[in-house]
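On the provided structure of chain A, position chain B as indicated by the hints.
Here the protein sequences come in this chain order: A and B.
Per the working numbering, the first sequence runs over residues 1 to 194.
Per the working numbering, the second sequence runs over residues 195 to 351.
A couple of the hints might just be wrong.
[As the list claims (entries may be wrong)] Some, not all, of what chain A presents toward chain B, calculated at C-beta under 8 Å:
no. : residue
1   : ALA18
2   : THR29
3   : ALA38
4   : ARG39
5   : TYR132
6   : ASN140
7   : VAL143
8   : ASN147
[Said to hold, decoys possible] Computed list of chain A residues with no C-beta within reach of chain B, every gap over 12 Å:
no. : residue
9   : ARG4
10  : LEU72
11  : GLY75
12  : ASP94
13  : GLU105
14  : ILE108
15  : ASN126
16  : GLU168
17  : ARG181
Rather than coming from a laboratory, the hints here were simulated on the basis of the structure.
Glycine included, C-beta positions come from ideal geometry on N, C-alpha and C.
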Amino acid sequence: MAKREISEINAGSMADIAFLLLIFFLVTTTMDVDTGIARQLPPIPEDKAKTEAEINRRNIFIVLINAQDRLLVNGKPMNVEELKDKAKEFIKSDPNNPELPTMVETKIDGIPNPVLVSEGVISLQNDRGTTYKKYMEVQNELVKAYNELRDEAALQYFGKRRFDDLTEAEQEAVKKIYPQRISEAEPKNIGGKK
Amino acid sequence: MAKFNRKRKKASIGISTASLPDIVFMLLFFFMVATTMREVELKIELRNSDLPQATEIKKLEKKSLVSFIYVGKPKPNYQRLYGTEPRIQLNASFAEVSDIYEFILAERAKTDEAVVPLMTTSLKVHQDTKMGIVTDIKQELRKASALKINYSARKKI
Numbered sequence: 001m002a003k004r005e006i007s008e009i010n011a012g013s014m015a016d017i018a019f020l021l022l023i024f025f026l027v028t029t030t031m032d033v034d035t036g037i038a039r040q041l042p043p044i045p046e047d048k049a050k051t052e053a054e055i056n057r058r059n060i061f062i063v064l065i066n067a068q069d070r071l072l073v074n075g076k077p078m079n080v081e082e083l084k085d086k087a088k089e090f091i092k093s094d095p096n097n098p099e100l101p102t103m104v105e106t107k108i109d110g111i112p113n114p115v116l117v118s119e120g121v122i123s124l125q126n127d128r129g130t131t132y133k134k135y136m137e138v139q140n141e142l143v144k145a146y147n148e149l150r151d152e153a154a155l156q157y158f159g160k161r162r163f164d165d166l167t168e169a170e171q172e173a174v175k176k177i178y179p180q181r182i183s184e185a186e187p188k189n190i191g192g193k194k
Numbered sequence: 195m196a197k198f199n200r201k202r203k204k205a206s207i208g209i210s211t212a213s214l215p216d217i218v219f220m221l222l223f224f225f226m227v228a229t230t231m232r233e234v235e236l237k238i239e240l241r242n243s244d245l246p247q248a249t250e251i252k253k254l255e256k257k258s259l260v261s262f263i264y265v266g267k268p269k270p271n272y273q274r275l276y277g278t279e280p281r282i283q284l285n286a287s288f289a290e291v292s293d294i295y296e297f298i299l300a301e302r303a304k305t306d307e308a309v310v311p312l313m314t315t316s317l318k319v320h321q322d323t324k325m326g327i328v329t330d331i332k333q334e335l336r337k338a339s340a341l342k343i344n345y346s347a348r349k350k351i
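The shape of chain A in the complex, shown without the other chains (with noise of 0.2 Å):
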């Protein structure tokens, strides 16, 4: 049999092809990254067995935002600025101190000897009036917080400058030192309603 000569295929509607494939691509599609913190929710409580009451006073730490957005931390009007240093001083404690909260020497995986642990709480209050603006700035300035004392642990027992360099494995220990408790309180109705 006589050999066919192939002709080629024409390829010069291909670009035509592309181009509309790329223009569906570039109107349907966004380039932004969501991006923001993340949180997790206590669950509903079955029964109220631990209420605020009967954690030791001196190991909570009240934030208030009313429907002004003012702030009232431990009784005391107090700017976002101050928060986050305020509440470093609070979770990392200091066992000589009455006034902060009380420490538990724990062993913790990963960490040759006991570590002593805070067991503070902060509790976040804010009103039905606050705006989500102010609401975000606290919260923000509360991880904070966090963020920068687990930093400093990470360098102080496994010599790396960021939390985020450490292995799995020492992230959880480090977690372990500084467990991120911020109680946000049943909502109430402070300032009368908005």
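Relative to the frame of chain A, chain B by itself:
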């Protein structure tokens, strides 16, 4: 002069477009990789600049496991029907706080059981919204035991 012109005409050849598809395909693949699908058409006013700013932000991983709740003022063309107070949008429509429970259950039913604990709810809330509505949403999420949440924020510069 005339002679020059004639010579020029003879020499002109079309530019080869054989590699044009390659170039366009390259662009196409770049956009396919670098971008994400637009989620839903928003009926509320919520531009990227309306989200609150934060420094301690993390990237939202595994988009398929994230359900979004949008809160903000309805857009002007919906204001006659829905007013100007902040409203909740789930998927493509306005919703009440009580609809969130159903919404979460529906999202959960769509997902593979093994990865249900990894599901995250992203709250995209306009920064001028009052906390009242956000607190209500959080309570509903707790009832539905969707405890992993993410307050959507943009990077503070």
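Taking the hints in turn, this is what the structure says about them:
1. ALA18: Because about 4 Å separates ALA18(A) from the closest Cβ in chain B, which is inside the 8 Å limit, the hint holds.
2. THR29: 4 Å, holds
3. ALA38: 5 Å, holds
4. ARG39: 6 Å, holds
5. TYR132: Cβ of TYR132(A) sits 5 Å from chain B, so the hint holds.
6. ASN140: 4 Å, holds
7. VAL143: Cβ of VAL143(A) sits 4 Å from chain B, so the hint holds.
8. ASN147: 6 Å, holds
9. ARG4: 25 Å, holds
10. LEU72: Since the minimum Cβ distance to chain B is about 15 Å, LEU72(A) lies beyond 12 Å and the statement holds.
11. GLY75: 21 Å, holds
12. ASP94: Fine: 25 Å to the nearest Cβ keeps ASP94(A) off the interface.
13. GLU105: Fine: 29 Å to the nearest Cβ keeps GLU105(A) off the interface.
14. ILE108: For ILE108(A), whose nearest Cβ neighbour in chain B is about 24 Å away, the distance exceeds 12 Å, so it holds.
15. ASN126: 5 Å, violated
16. GLU168: GLU168(A) clear of chain B: closest Cβ-Cβ about 15 Å, beyond 12 Å.
17. ARG181: About 15 Å separates ARG181(A) from the closest Cβ of chain B, which puts it past 12 Å; holds.
Checked against the numbered hints listed earlier, the structure breaks hint 15 alone; every other hint is satisfied.
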